[in-house]
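J.: So the chains spell out like this:
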Amino acid sequence: MKYLPLIWSGLWRKPGRTVLIFLQVAVAFALFGVLQGLKTGVAHAVAAARADLLIVHSRLSFIMQSLPSGLLGQIRAVPGVKMAIPVELTFGTYQKPDQGIGVVAVTPDEDWQSAFTYTIPPEYLAAFRKSRTAMLVRDVVAEKYHWKIGDHIPLQLPVAQHNGSSDWAFDVVGTFTDSDIGGGRYIVLVSYPYFDEARAAKKGTVNHFNVTVSDPKLAPQVADAIDARFVNSSHETKTESLREMAQSSMQAIGDFDFLIRAVVGAVLVALLFATTTMMAQSIHERIPELAVVKTLGFTDRAVFLLILAEALVVFLAGAVCGLLLATLTLPLAARFVHGLSMPGIVVAMGLALGILVALVSASIPAALAARLRVATALAGHRAA
Amino acid sequence: MNFLRQFLALLRMSLSGVTQRPGAVLTIIIGVTSAVAVLVSMLAMGSGARRQVLAGVHDDRVVVNSHGASGIQSSIPRDEADTVRDLPGIKKGSDGKPDVDFQSIVVIEAHRRITGRRTFFPLIGVTRPPFIDAQSDLHLTEGRSFRPGLHELIATTPCVRQFTGFAIGDKRPIGGADWTIVGHYDQKDVQQCVVLADAEILMSTFNSNTYTQATATLRSVADYGEVQRALEQNPSLHLEVKHEAEAREEGIRQLNGLLNFAAYFVGSIMAIGATLGAVNSLYSIVDSRRREIATLRAIGFGSAPVAASILCESILLALPGALLGVALAWALFHRMAISPFGFSFLLDVTPQLAVIGVVWALAMGLIGGLLPAVRAARVPVTTALRAA
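Taken in order, these protein sequences are the chains called A and B.
The numbers in our numbering rise by one with no breaks, and the one at position 332 of the first sequence is 332.
All you need for our numbering is the position in the second sequence, starting with 1, plus 384.
If you're looking for bench data, these hints aren't it; they were derived computationally from the structure.
Be aware that one or more of the hints could be misleading.
Claimed, not checked - Capping the alpha-carbon separation at 27 Å, the derived lysine-lysine pairs in BS3-like fashion look like this:
hint, chain 1, residue 1, chain 2, residue 2
1, B, Lys-572, A, Lys-238
2, B, Lys-626, A, Lys-96
3, A, Lys-82, A, Lys-294
4, B, Lys-626, B, Lys-572
5, B, Lys-626, B, Lys-476
6, A, Lys-82, A, Lys-238
Stated by the list, open to error - FRET-style restraints, in silico, Cβ to Cβ:
hint, chain 1, residue 1, chain 2, residue 2, range
7, B, Ser-652, A, Arg-301, 27 to 33 Å
8, B, Gln-736, A, Tyr-3, 28 to 34 Å
9, A, Arg-76, B, Arg-603, 49 to 55 Å
10, A, Tyr-3, B, Leu-392, 33 to 39 Å
11, A, Gln-99, B, Ser-652, 41 to 47 Å
12, B, Asp-554, A, Ala-160, 35 to 41 Å
What the hints assert, rightly or not - Computed footprint of chain B on chain A, listed as stretches where at least three residues anywhere in the stretch have a Cβ under 8 Å from a Cβ of chain B:
hint, stretch
13, 16-24
14, 103-109
15, 277-290
16, 359-369
All residues carry an ideal CB built from backbone N, CA and C; glycine is no exception.
Take the sequences, apply the hints, and build the full model.
T.: Right, here's the structure in full:
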């Protein structure tokens, strides 16, 4: 403890230099935090995706192909299936061609929302079940277009109604949030029975079924049982859990692994080099002072530790600030990956890395300082 | 004139001292190198994606979509397709028919060769047989083209490289039927896995009665307006026409935006770090030269040339970092194949990117040199000399 003032005065010997090193460390660790946080955060988000929520879609093609809604009864009859909800998807626009809206049509059975990743307040749920033309709006959509409850919203859908018109309108009855990382961002929920009745073509078809299982541990077996039921039929299915789907939609980030590693590597090498030279320069300038310290009775080891401690203080302060900054900026990346937040493990990794870089970059200058010979240092400091 | 002479003399002095301060100099160079290398290699993703998408684009080719839609969201019903075929301004092919190709696009799963992971690729049904035009960009590398009316596929060579099940003779179950791979083809530099089939058999397999989009060759580039007017004046059509380049760029605008955002975000942070390092190094250079600078000032050198020479030194030290960074990015990543978001392409380090990298480095040198230059100009002559 008694060395603290000594470390402190060493740090503030050249305040400009210390502040610059501190800033450099902070910047490096902010970048480390964002990149590593993105990578680990995505892995965590995938792991957190529901493995007990199954999606039954056409084996032909998830995106293009529809299934008859009549499969519902057979899916519900599969042992282990708790609930099955038909889901139809279409992609429309609001007012302008570039304002896309994903429309998810669901059958609002009792407790239907448990087969989805949405969080919906009970009063909105009740309102949604009551009206046929009701629409629930994801919070981000309501914010973007300033929609309020009670608004009558016109949407252009690539689906014709009986009168040939593709202009639809729905009443906003509430908002919801979505925890799914792979789902669309601008989505609204409408009633499937109404949607299916009003459209002119493709009646009685759905894009997929959302299925919950009574025992989450048996989800893979239930998925296989559902697919086995429709094998060799005209509507072969493929059943995947939400987690499996998140894995495949997020694997793109995995392709960036090499890049993230290269960038983090480049940052650390540049940082290591910059700080090592700065520390060496600092020690060089302080030779006379260090000689005096040694004359006063400090051992070589004490001087060595003193220099290391100085580096540790700057690096830890910089790393903490940088990681804090990264934690604050990472939610901005939720634009691309929903629900991203800084995993604790990345902060721990960052701090450990900070200590490591501090020790590595300070050890050579510290060893130089420890090996100083008092007599020559005191006598020859001009020449040094 | 006096300023210039003093400035050059000072600059020569600074640069001759470079070898005596290897630490500080290397710090600047390494910092700038890594910042520029990272920026350029990340920007190379965006330019690579763009290059791939625009490969083989023809000025006289147009894409017809349903209004406001692009990619697989577009749809053209058969009756509207007949109208498109008879549009004015469209060239006749070598077979005497209008050079219009209707495409039906289906997205199909594939599995990666090494990891076995699932990804998606487009299966495109075409109405005009490929390879019939001599000027076509497509080149058959192996096997033959598909026969109309049969469940046959031809795949690009990247499919074979990246995914399993694309060797000639392999069968793929798609839409309840077994499709046989009968040929491989290349399309210029394209790294994307694309599979072609006969549109009619594909649509009957998928029970579809609409094409996804159409591409047409114009008689001349000037006929674009005529086609556009013809589509607009026909109220029964819900179609719009775009230049091929425009339509393709739309398809990757989002990906490109994301890639460039990431590049500039990471590049900026690294540039800030490198600039801080440069400031620190230059401060220490100026400090170690206090006596020298004070002496120079005492014998009549002005403070402006002193400041200018430090600034110039900073920029000159950043320059080798810039060149090294661009060279590293080029050596390590140029033409490297990546496939983010299931879209495969080669990284492309273009001369424009090299220029951006160098400008970026010069900015780092300039900003990093400002404060140290001011400090050098302000060295108090008497105290600095007395301290010596």
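J.: Apply the coverage criterion to the stretch 103-109 of chain A and chain B: a residue qualifies when its Cβ sits closer than 8 Å to a Cβ of the chain, and three qualifying residues are needed.
T.: violated (count 0)
J.: Closer than 8 Å, Cβ to Cβ, for at least three residues: run that test on the stretch 277-290 of chain A against chain B and report holds or violated.
T.: holds (count 4)
J.: Is it true that the C-beta distance of A/Arg-76 to B/Arg-603 lies inside 49 to 55 Å, as the hint says?
T.: violated, 59 Å
J.: Holds or violated: are the alpha carbons of B/Lys-572 and A/Lys-238 at most 27 Å from each other?
T.: Answer violated: B/Lys-572 to A/Lys-238 is near 36 Å, above 27 Å.
J.: Note whether the CB distance of B/Asp-554 and A/Ala-160 lies within 35 to 41 Å or breaks it.
T.: holds, 40 Å
J.: Three residues or more, CB to CB closer than 8 Å: is that satisfied between the stretch 16-24 of chain A and chain B?
T.: holds (count 6)
J.: Could you say whether the range 28 to 34 Å given as a hint is met by the Cβ separation of B/Gln-736 and A/Tyr-3?
T.: violated, 55 Å
J.: Is A/Lys-82 close enough to A/Lys-294, meaning Cα to Cα at most 27 Å?
T.: violated, 77 Å
J.: Are the Cα positions of B/Lys-626 and A/Lys-96 separated by 27 Å at most?
T.: Status holds; Cα separation ~18 Å.
J.: Just tell me: holds or violated, for the beta carbon distance of B/Ser-652 and A/Arg-301 against 27 to 33 Å?
T.: With a Cβ separation near 43 Å, B/Ser-652 and A/Arg-301 fall outside 27 to 33 Å, so the hint is violated.
J.: Verify the proposed pairing of A/Lys-82 with A/Lys-238, using a straight-line Cα cut of 27 Å.
T.: At roughly 18 Å apart (the allowed maximum being 27 Å), A/Lys-238 and A/Lys-82 satisfy the hint.
J.: Compare the distance between the alpha carbons of B/Lys-626 and B/Lys-476 with 27 Å, and conclude whether the hinted pair is satisfied.
T.: The hint holds at about 19 Å.
Of the numbered hints given earlier, the model fails hints 1, 3, 7, 8, 9, 10, 11, 14 and 16; all others are met.
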